[in-house]
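Let the sequences and hints guide you as you build the complete structure.
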Amino acid sequence: MDGTWERLKVLFPVISSSLAESEVTKENIDSIYLELVSLGVLEEVSQLICIEIDKTLQTQVVPEFWKIFDTNLDAQSDNQARERCEFQLFRTTVLQLYKKFQIINRMLERLKYLYEKSGTKFIYNFDEIFKSVLLSQLPNNFTKLVYSFYHISFNVFINTKAEEDDDDDDMDQLRERDDCDGCEMPTARCQCQELVTAFGEINLCLTRMGLLDRISGYTLTNLIQDEIYGHIQKTCRGIFDTQHLKNLEKWLDTIVLEWLTRIFNNGSAKLDPSNLKIRESISYFQKKLKYLLYEKYAKTIIDQFFNIIIEFPDSQPAIDDLKLCMEKLDLRAHLVEVLKNSLETRLLHQGVETSDIITGYVATIKTMRHLEKSGILLQTVTEPVKEYLRKCRQDTVRCVVTSLIEETPSDLSEELARSEAIKAEENERNQDEMNNWQDWTPDPVDALDSDKNSAQNRRSDIISMIVDIYGSKELFVNEYRNLLADRLLTQLDFNPEKEIRNLELLKLRFGENLLHSCEVMLKDISDSKRINSHILECSTFTSEETPNDPAVSALIVSSQFWPMFKKESMELPEEINKLFERYKKSYEEYKGNRTLCWTPLNGKVNIEIEINDKKLDMTVNPAQATIIMHFQNQKEWQLDQLSTVINMPPSTLRRRIGFWQLQGLIREAKENTFILCDENHDQAGEIETETNVVLDEEETMVSANDQREEELQVFWSYILGMLTNLDSMSLERIHQMLKMFASQGPGFEFSQEELKSFLQRKVREHKLVYSYGVYQLNKN
Amino acid sequence: MKVTVKSWTGVALWKWIANDDNCGICRMAFEACCPDCSFAGDDCPLVWGHCSHVFHMHCICKWLNSQLNQQLCPMCRQTWRFNDR
Chain A
1 MDGTWERLKV LFPVISSSLA ESEVTKENID SIYLELVSLG VLEEVSQLIC IEIDKTLQTQ
61 VVPEFWKIFD TNLDAQSDNQ ARERCEFQLF RTTVLQLYKK FQIINRMLER LKYLYEKSGT
121 KFIYNFDEIF KSVLLSQLPN NFTKLVYSFY HISFNVFINT KAEEDDDDDD MDQLRERDDC
181 DGCEMPTARC QCQELVTAFG EINLCLTRMG LLDRISGYTL TNLIQDEIYG HIQKTCRGIF
241 DTQHLKNLEK WLDTIVLEWL TRIFNNGSAK LDPSNLKIRE SISYFQKKLK YLLYEKYAKT
301 IIDQFFNIII EFPDSQPAID DLKLCMEKLD LRAHLVEVLK NSLETRLLHQ GVETSDIITG
361 YVATIKTMRH LEKSGILLQT VTEPVKEYLR KCRQDTVRCV VTSLIEETPS DLSEELARSE
421 AIKAEENERN QDEMNNWQDW TPDPVDALDS DKNSAQNRRS DIISMIVDIY GSKELFVNEY
481 RNLLADRLLT QLDFNPEKEI RNLELLKLRF GENLLHSCEV MLKDISDSKR INSHILECST
541 FTSEETPNDP AVSALIVSSQ FWPMFKKESM ELPEEINKLF ERYKKSYEEY KGNRTLCWTP
601 LNGKVNIEIE INDKKLDMTV NPAQATIIMH FQNQKEWQLD QLSTVINMPP STLRRRIGFW
661 QLQGLIREAK ENTFILCDEN HDQAGEIETE TNVVLDEEET MVSANDQREE ELQVFWSYIL
721 GMLTNLDSMS LERIHQMLKM FASQGPGFEF SQEELKSFLQ RKVREHKLVY SYGVYQLNKN
Chain V
1 MKVTVKSWTG VALWKWIAND DNCGICRMAF EACCPDCSFA GDDCPLVWGH CSHVFHMHCI
61 CKWLNSQLNQ QLCPMCRQTW RFNDR
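Heads up: the sequence lines are chains A and V, in that order. Throughout the first sequence, residue numbering follows the UniProt record's numbering, covering 1 to 780 in sequence. Throughout the second sequence, residue numbering follows the UniProt record's numbering, covering 1 to 85 in sequence.
Incorrect hints may have been included.
Some chain A residues judged to face chain V by a derived CB distance under 7 Å, without partners named [claimed, not checked]: (1) L89; (2) L378; (3) T380; (4) P550; (5) V552; (6) S553; (7) Q560; (8) M564; (9) C597; (10) E608; (11) K615; (12) L616; (13) Q632.
If you are wondering where the hints come from, they were derived from the structure by calculation, not from laboratory data. As the structure is a computational prediction, the values presented were derived from the model and not from experiment. We put the beta carbon where it would ideally sit given N, CA and C, even for glycine.
Have a look at this one:
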């Protein structure tokens with residue numbers, strides 16, 4: 001008995017919980033067989049062996065294998081050294097496991113032989129049991145070692161690949177470096193070759209144990225994902241002027257896939273066509289990786305989308321790439337979210353000038369147009385920009401109009417110049433659409449409420465998109481009119497041809513009707529020139545002429561078509577007044593039944609000031625000229641005194657005197673006393689700095705806002721009547737009443753807010769009293 | 001100090017010398033044009049009647065042409081006669 005047991009131990013060391021290798025011959029097995037049969041315990045013994053194998057696996061082999069994975073190498077400071085250690089650890093532990101696996105397998109073969117000799121069938125699926133025991137004890141962090149292992153081998157592989165592809169020159173350069181790129185060891189002790197061998201060996205072991213997929217699959221995907229990301233960051237980040245997608249795909253198909261093939265195909269890159277299983281898993285990997293590549297690349301582009309917008313149209317290739325990616329992946333929501341965010345953080349804050357925001361907005365429109373023809377993304381993305389401009393930037397309209405008609409070419413003025421081409425294009429497209437109705441595609445699902453924003457609307461050009469911020473053309477045209485009036489009245493270098501061209505282009509956009517008054521304004525200017533030259537030759541005017549008279553000319557405007565002039569008035573110097581009277585008389589004579597009303601504050605004056613043997617030649621506005629002319633005869637003025645003479649409110653007057661203070665001609669000696677500085681030579685040239693000189697750009701025209709209030713003035717009589725009859729009324733009530741009774745009148749379209757500010761002004765003017773939420777007439 | 005004005009360019013609004021502000025027919029201001037015109041002033045002049053009523057010339061002509069028998073002023077129903085002032 002004992003002898004049999006001992007011999008059995010040699011054959012199956014596992015029954016004594018050992019996995020030592022032993023020399024066994026066929027005779028040994030045969031004799032044991034006979035012994036066991038004669039003792040009648042063959043079946044019992046074989047079952048015992050199976051149980052012992054299970055036990056050894058569970059308590060010895062597998063825990064030993066996994067124990068290695070718990071080794072914590074984080075203490076190692078050097079990342080590369082740590083990875084190298086992990087590589088070796090993984091290698092050793094896999095090799096050990098494989099050795100034990102082989103020993104057990106050999107024992108099982110012997111057992112199988114015994115079974116078959118006795119004529120019973122051997123049923124023991126070791127492969128499955130091995131796998132399930134192994135995986136049932138899987139530790140959480142096992143991927144770390146695996147990751148290091150594959151990471152190192154990937155680096156080595158990439159490096160050898162790169163060296164193969166590189167030219168000789170590059171090779172030399174590489175040689176000069178101290179460390180090998182692959183294994184990051186000093187070049188002299190490069191381990192690449194050993195690493196490659198070890199790598200092949202381990203993969204083979206894992207494949208034989210059927211564990212490759214289970215242990216490495218997940219980590220491999222992760223690793224390659226990281227590598228793809230790294231590669232994209234390395235090659236594509238910040239470079240928008242070339243398309244990368246083809247190169248990336250090529251990189252994936254050649255380098256990454258070849259590496260994968262080597263792993264699955266026992267180290268050889270040549271795939272046996274008959275090996276269907278490997279081919280299948282490789283092509284599965286390929287599909288998955290390609291998807292990953294697209295996703296990573298698209299996200300990289302999207303993350304940098306703001307820069308792409310800024311660099312457009314140079315960044316067009318990047319957009320083309322993104323377009324290709326978006327055909328394969330659904331990234332719309334992501335794109336919208338990221339872009340909205342970056343627009344908000346980089347464009348829509350206090351530090352950015354309105355004109356820059358508009359430039360950004362235009363660039364966004366152009367970029368998104370290129371990305372997506374239908375304009376749905378564009379609409380979603382630019383919504384916050386529009387809202388911001390509408391709410392927080394009062395000067396939007398002015399900025400847009402200015403850049404539309406700017407001298408220097410800007411995006412918008414170029415766009416305006418293209419108006420005609422766009423119109424033609426649109427017509428063509430409309431026809432095309434009818435001819436190619438089969439090509440129609442429905443809107444994507446994330447389109448906003450589709451009936452409101454019809455496709456036609458979305459496809460409109462950039463200028464329409466800008467105008468769309470406010471949703472009304474009128475506002476833009478009004479602002480243009482104001483700016484035009486401003487320029488016509490104040491600028492000397494008026495270029496009629498250019499203005500007329502601009503006007504014609506704008507007409508194409510906004511329609512003849514809205515711009516009609518601008519046309520009249522331009523005509524007034526040219527008419528004025530004609531009338532001027534006529535009057536200056538006319539006898540009524542010349543008969544009274546004295547040699548010292550300044551040259552006078554007038555801009556005669558049609559009040560109905562110009563924006564409202566400020567109501568402010570001023571008393572002109574007497575000699576000028578006389579001149580104007582004469583001019584008016586000549587005009588009345590010339591035109592018959594028509595007369596002129598001068599607006600004294602508008603215009604421009606060319607004066608020459610002789611002071612302290614110096615001559616100053618200046619062009620100033622009438623108010624400034626009037627002021628300095630008064631100082632000619634009287635060197636010292638009290639503010640109120642001068643204010644009465646000129647008929648100008650003291651605050652305004654002080655502001656205008658500021659201009660002369662800056663010129664160093666007038667100083668404020670005492671509070672509200674202004675003196676001409678011409679006696680003291682030292683002071684004359686000195687610019688007054690200690691006083692708080694306020695000088696602002698004067699605007700000749702009433703701003704659009706004020707004009708609105710002026711329009712509301714029409715309803716003042718209605719409001720007066722209502723309040724007289726009904727004593728007191730709330731804001732809502734007044735608004736409703738006006739809507740009901742006064743809405744036949746033109747221009748009745750104002751919000752409650754507008755009415756409120758109008759009524760508040762009346763309260764400030766002490767015409768109304770506001771208390772307890774109702775308005776009343778001020779009876780005092 | 002001596003200030004010499006070399007040139008002075010003023011801005012003036014032109015106005016019709018009439019006893020009313022609006023044309024009684026088109027209800028537009030005299031300084032604006034009648035609905036058929038685009039430019040006021042020379043291109044759309046006013047005319048005076050003997051009855052002292054004033055209209056855009058285009059407006060009153062249109063009105064008179066639409067009258068079959070009598071030519072009456074639309075404001076005071078007197079016979080319309082042009083006053084060549």
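Quick rundown of the hints versus the structure:
1. L89: 92 Å, violated
2. L378: 38 Å, violated
3. T380: At about 42 Å, which exceeds the 7 Å cut-off, the nearest Cβ of chain V leaves the hint on T380(A) violated.
4. P550: This interface hint holds because 4 Å falls under the 7 Å limit.
5. V552: Hint holds; V552(A) Cβ to chain V Cβ min 5 Å, cut 7 Å.
6. S553: 5 Å, holds
7. Q560: 4 Å, holds
8. M564: Nearest chain V Cβ about 11 Å off; hint violated.
9. C597: 5 Å, holds
10. E608: 5 Å, holds
11. K615: Since chain V brings no Cβ nearer than about 9 Å to K615(A), farther than 7 Å, the hint is violated.
12. L616: Hint on L616(A): violated, closest Cβ of chain V at ~10 Å, above 7 Å.
13. Q632: The hint holds - Q632(A) has a Cβ within 7 Å of chain V, the shortest such distance being about 5 Å.
Hints 1, 2, 3, 8, 11, 12 from the earlier list are contradicted by this structure; the remaining hints agree with it.
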